[in-house]
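Participant: Each chain, written out:
There are 2 protein chains.
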Amino acid sequence: MNEDIREGEIAVTLPEKFDAGVYFIGRIRTPWTRRDQCPKNARGSDAACTIALDERYAAALDGVASCTHLVVLYFMHEARRDLLVQMPRHGERRGTFAIRSPVRPNPIAMSVVRLVRTEGTRLTVVGLDCLDVTPLIDIKPYFASVDSVPDAVVGWSKT
Amino acid sequence: MNEDIREGEIAVTLPEKFDAGVYFIGRIRTPWTRRDQCPKNARGSDAACTIALDERYAAALDGVASCTHLVVLYFMHEARRDLLVQMPRHGERRGTFAIRSPVRPNPIAMSVVRLVRTEGTRLTVVGLDCLDVTPLIDIKPYFASVDSVPDAVVGWSKT
Numbered sequence: 001m002n003e004d005i006r007e008g009e010i011a012v013t014l015p016e017k018f019d020a021g022v023y024f025i026g027r028i029r030t031p032w033t034r035r036d037q038c039p040k041n042a043r044g045s046d047a048a049c050t051i052a053l054d055e056r057y058a059a060a061l062d063g064v065a066s067c068t069h070l071v072v073l074y075f076m077h078e079a080r081r082d083l084l085v086q087m088p089r090h091g092e093r094r095g096t097f098a099i100r101s102p103v104r105p106n107p108i109a110m111s112v113v114r115l116v117r118t119e120g121t122r123l124t125v126v127g128l129d130c131l132d133v134t135p136l137i138d139i140k141p142y143f144a145s146v147d148s149v150p151d152a153v154v155g156w157s158k159t
Numbered sequence: 001m002n003e004d005i006r007e008g009e010i011a012v013t014l015p016e017k018f019d020a021g022v023y024f025i026g027r028i029r030t031p032w033t034r035r036d037q038c039p040k041n042a043r044g045s046d047a048a049c050t051i052a053l054d055e056r057y058a059a060a061l062d063g064v065a066s067c068t069h070l071v072v073l074y075f076m077h078e079a080r081r082d083l084l085v086q087m088p089r090h091g092e093r094r095g096t097f098a099i100r101s102p103v104r105p106n107p108i109a110m111s112v113v114r115l116v117r118t119e120g121t122r123l124t125v126v127g128l129d130c131l132d133v134t135p136l137i138d139i140k141p142y143f144a145s146v147d148s149v150p151d152a153v154v155g156w157s158k159t
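Protein chains in written order, with the numbering used here: chain P, 1 to 159; chain H, 1 to 159.
The following block holds chain P by itself, in its conformation from the complex (with noise of 0.2 Å):
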C-alpha cells in the first residue's frame, strides 16, 4: 500500500482483517466525474445532485421530506487508508483526522446538505462534493439542536 508517498506523510500498517461491514444502499449521482472536477467542499458549489436509494430500502424514506437539511454519509471507495498524516497539493501537512481527506483508515465521508425535492427514491440535494456514482451508505434527519454548532474553530484553518 505504501505506493506515492509525499515527502512529509506518513502510513500505516492497516489490520489484517476488517471488523465489521457496510453495504452500498444506493449511490450519489452528481455532475462530477474526474477529482479535479469536484468543488472543494461543499459550500463550493450549489449545484443539484442525486441520492438514488436503492428500491430495496424505499420504505426507510418515510418522514424524510419534512427534513430542510439531512446528514449523507458515503463511502469513498476509491480512496488509500492508509496514511496517517498528509501533504494536502496546496497546504500544509497535517493529521489525516485534522482534515476532511476522502483518504483516512475508514473513508466515510459526512456531508449536510439542503433537501431540495423528493421523488421516490431519488432526492434532490444540494452540498455534496463527491464523484458521480459514489455509494451511499446512510441518510439521517439534521437536528440543528444537536448538529449545528455555529461557533465551532478548527484552529489550523484561516477561514
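The hints are simulated quantities; they were obtained by calculation from the structure and are not laboratory data.
Keep in mind that the hints are not guaranteed to be accurate.
Chain copies aren't distinguished; within one or between two, either way the pair holds.
Claimed, not checked - Think about it this way: if two alpha-carbon atoms lie no more than 25 Å apart in a straight line, the pair counts; the simulated SDA-like pairs of lysine to any residue are: (1) K17 x R80; (2) K40 x S66; (3) K40 x S157; (4) K40 x E92; (5) K40 x V116; (6) K40 x V126; (7) K17 x R56; (8) K40 x R29.
Chain P is already provided as a structure; the job is to place chain H on it using the hints.
Facilitator: Same frame as chain P, but now just chain H:
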C-alpha cells in the same frame, strides 16, 4: 433476522454480502453500560466521555487539538440492521432514514462533540450518548462553514 417486530414495523431482507469493510480504530468510553442509562440524545448529558484511539493511529491526531468541535463516527455494533420502519417505544412510526435510531442498514452513528482535552491518544469530549466500549470509526474536524445549519428543521419533530 425478523424476530421481535412490533406492530407497524417493516423489516427488509438485507443483501447476502457486504460491499466494503470498516476497521474499529478505537473505543469510546462512556459512563453508560446499559441502553436504558444512555441519554436520549447527545445534548441530554454533559458527561465527559473518552475517545480512546488505538496507538496504531496516533500520528493521525496531529492538528486535532486546535479544533473546538469534532465529528465522531462510531459503530452501533449491537443494533439490528434490517428495520426500514420503526415504532419507538414512546413515539410514532417513522422511516429509518427520518430518525437517528442506531437500528439502520449501516449502524454508523454521527455525533458532534466538544473537545475538552487531548492526552496522547485519549480525547476527552462532551456530547456522546452511546454505550461504553462502542467501536470508533472516524474522527473529523467540525467546520461551522459547512456543518452548521442553525435554522434547519425536522418537520415531524416538535423540538
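Participant: Taking the hints in turn, state whether each one holds.
Facilitator: Hint check results:
For a Cα distance limit of 25 Å, the shortest separation of K17 from R80 qualifies both inside one copy, at 16 Å, and across copies, at 22 Å. Proximity of K40 and S66 under a CA criterion of 25 Å is satisfied inter-copy only: 21 Å between copies versus 29 Å inside one chain copy. In this assembly of identical chains, the alpha carbons of K40 and S157 lie at most 25 Å apart only when taken from the same copy (14 Å versus 33 Å across copies). Taking CA atoms no more than 25 Å apart as the test, K40 paired with E92 passes inside one copy only; the shortest distance there is 16 Å, against 40 Å between copies.
When the C-alpha separation of K40 and V116 is checked against a cutoff of 25 Å, the pair qualifies only within one copy, where the shortest distance is 22 Å, while the shortest distance between copies is 29 Å. In this assembly of identical chains, K40 and V126 lie within 25 Å of each other by CA distance solely inside one copy; the values are 14 Å within and 30 Å between copies. In this assembly of identical chains, K17 and R56 lie within 25 Å of each other by CA distance solely across copies; the values are 15 Å between and 29 Å within a copy. Taking CA atoms no more than 25 Å apart as the test, K40 paired with R29 passes inside one copy only; the shortest distance there is 17 Å, against 34 Å between copies.
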